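*Asks:* Now for the letters of each chain:
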Amino acid sequence: MSHKLDFEKPIFELEEKIQGLRQFAEDNDLDLSAEVRKLEDKVSELRRETFSGLSAWDCVRLARHPGRPTTLDFIEGIFDDFIELKGDRAYSDDPAMVGGLATLEGVPVTVLGHQKGRDTLENIRRNFGMPHPEGYRKALRLMQQAEKFGRPVVTFIDTAGAYCGLGAEERGQGHAIASNLIAMAGLKVPVISVVIGEGGSGGALGIGVADRVAMLSSAVYSVISPEGLSSILWKDATKASEAAAVMKMTARDIEALGVIDAIIEEPLGGAHRHQAQTVEAAGKWIKETLGDLRALPLETLLEKRYDKYRGMGQYEG
Amino acid sequence: MKLDFLKRKKWVRLELSSQDVREAAAIREAAGLSQSLSTPAITTPAVTSTVHSEGLSHNIKTARSITAAPKDPGSDEAACPDCGAIHSKQRWERSFKVCDQCGKHGRISSPERVAQLMDQGTFSPIAKEVTSVDPLAFPGYQEKLDKAMLKSEAGDAVLSGTGLIDGIPAALFIMEPDFMMGSLGSAAGERITRLVETAIENRLPVIGFCASGGARMQEGILSLMQMAKTSAALGRLSAEGLPYIAVLTDPTTGGVTASYAMLGDVILAEPGALIGFAGQRVIEQTIRQSLPEGFQRAEFLVEKGFVDRIVHRVEMKAVLAKLLRLHGFAPALAEATSAAASTTVNVKGGEAHVS
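Protein chains in written order, with this note's numbering: chain D, 398 to 714; chain U, 12 to 366.
So here's chain D without its partners, still in its complex pose:
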């Protein structure tokens, strides 16, 4: 992994040392297994220490890490028979949002999510996972189709935000997101969302109104980017790390505020270094949760979904 975060460096160094020692032992036919084991214990301890003491800003950087599994990685790793469906039937297809049909333990479901690129070229094509209105309208089309055919909906959230540009405004970015909020609040099938990386404001919520919402343990979810908050608060975009802490945007913070239902633990070392295990952990939660939701009568499901959002917020009176 070429993209190393500063707090990961001691871990990487130690791992390289172990690797070097192993190589040395092998080349020279020596038994250094005791030393290797000692160092391995040390690196485990270091990983535990590092990843239990992550700051909000560390989480932001992990959530944005280019090596993290993307929506398509989760879809392909968790579901069977995936077939992608494209287009909003009004303007175009938005590659920043992907979706389609698949099965989960034999049950047909609709899956969709923000899609970041896995390299620079793909990122450019996918607009770095920032959808235009047509992306949200494609999502809406797929969700309404799911409702028609009685399929549960699973969404994956991973966006810095809905795109802010001329075309996005002209084609009604606000309207597109608003339409999804009202539709998802009343969608007559179970809806599950997982924040797998960045949960950027309205652009995230636009596919995130669900019966159950989980966040990966180093994912973030916020009303504005830390850079944006920092430039508004302190007229200084470089204080983003302080802004991240102030805003309470980590999975633990968001859970404490009653906005999500679960945290899916990433393996120590982070999702970007343990893609398969992360996908597996998410899959396990989705399967269990979907089972619970499918057992509920529709009326109860909708009542509970309404009550959940009805109860969000803190105020006096």
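It is possible that some hints are incorrect.
Below are the EDC-like pairs computed for lysine to aspartate or glutamate, each with C-alpha atoms no more than 16 Å apart in a straight line [what the hints assert, rightly or not]:
#1 D:LYS681 / D:GLU713
#2 D:LYS406 / D:GLU442
#3 U:LYS333 / U:GLU314
#4 D:LYS681 / D:GLU473
#5 U:LYS315 / D:GLU567
#6 U:LYS139 / D:GLU713
Derived list of chain U stretches under chain D, where covered just means 3 residues or more per stretch with a C-beta under 8 Å from a C-beta of chain D [as the list claims (entries may be wrong)]:
#7 94-104
#8 247-257
#9 266-277
Hints listed in this document are in silico derivations from the structure and should not be mistaken for laboratory results.
Everything numeric in this text was worked out from a predicted model, so none of it was measured.
Don't be surprised by glycine CBs; every beta carbon is placed ideally from N, CA and C.
With chain D held as given, fit chain U onto it using these hints.
*Replies:* Chain U in isolation, oriented as in the chain D frame:
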């Protein structure tokens, strides 16, 4: 909550003086309005119950002018915030803070808006006791709240309540641009949600005046969730077959645009209002070019298909009343009050018992 506002007291329906009508016509003409009240689309009788100017100035005596700064405190004159034309303060208030030179709609407070829209003395606030707290212990937020509370009569970024519009019972929420830029926080979201639920219970139409800088960042994720919460409530209203009319005023941006501002069955806007999802500075930074003239203005949104109609402030009440009538809502009995403990009014879908 079941409402008893219909029996509260005798409604006073006031007539516009001929001078008011002349002034309103002058303002419309100056603003180059083609859709005037005299066109068949909006018939004149609706005007007869527009707020009486005396009642207006009485009702808003505590509200401050936000954008039209007087030349100096104590001066009798106010300058148009856009073209700088000087108006007598009295005339500025009587023209609903619309400049008769350039047509600029000055910003007005929620109590002023109530006075312009609701039949005099009929507005009854809902959830006014709901106020903001500081859930994240966000630096400086409590101080900002305290300051805003002192400045604004609404007590938060939304004023909710019920009342009569040309005699027609309606639920109304008005965003308060003077309260932390009309930002949507938990209290504002709760005030809107309670209003919508009251409307469902009493089978009332909902009218929402939007004016907001977006979600209130000081409440973090909780403010974002107000978008989902208010949308869910409006979803229930919609499922009940009750109409929601959104009126977008300057400025309507961010999370409010991405939720209830854009969910109206009918969406109206005031002339020249800035309406958009992203802020103009953010867009310019993203695309690294300056924005075309008129971008994100109300007229632009009509052209792009996101707003039904631009409505001049002077005509707003008449247009709203007409829309309510077109949705099957009729005036409550004007003398409803002196009647006994329970009154029957005609509302959509038959008769409702209001007691």
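*Asks:* Now tell me if each hint is right for this structure.
*Replies:* Checked hints:
1. D:LYS681 / D:GLU713: Given that 16 Å is the threshold and the Cα spacing comes to 39 Å, the pair is violated.
2. D:LYS406 / D:GLU442: Given that 16 Å is the threshold and the Cα spacing comes to 14 Å, the pair holds.
3. U:LYS333 / U:GLU314: Measuring from Cα to Cα gives roughly 23 Å; hence the hint is violated.
4. D:LYS681 / D:GLU473: Judged against 16 Å, a Cα distance of about 14 Å means the pair holds.
5. U:LYS315 / D:GLU567: Judged against 16 Å, a Cα distance of about 6 Å means the pair holds.
6. U:LYS139 / D:GLU713: holds, 10 Å
7. 94-104: Answer violated; 0 residues pass the 8 Å Cβ test.
8. 247-257: With 3 residues in contact (Cβ-Cβ under 8 Å with chain D), the coverage given for the stretch 247-257 of chain U holds.
9. 266-277: holds (count 8)
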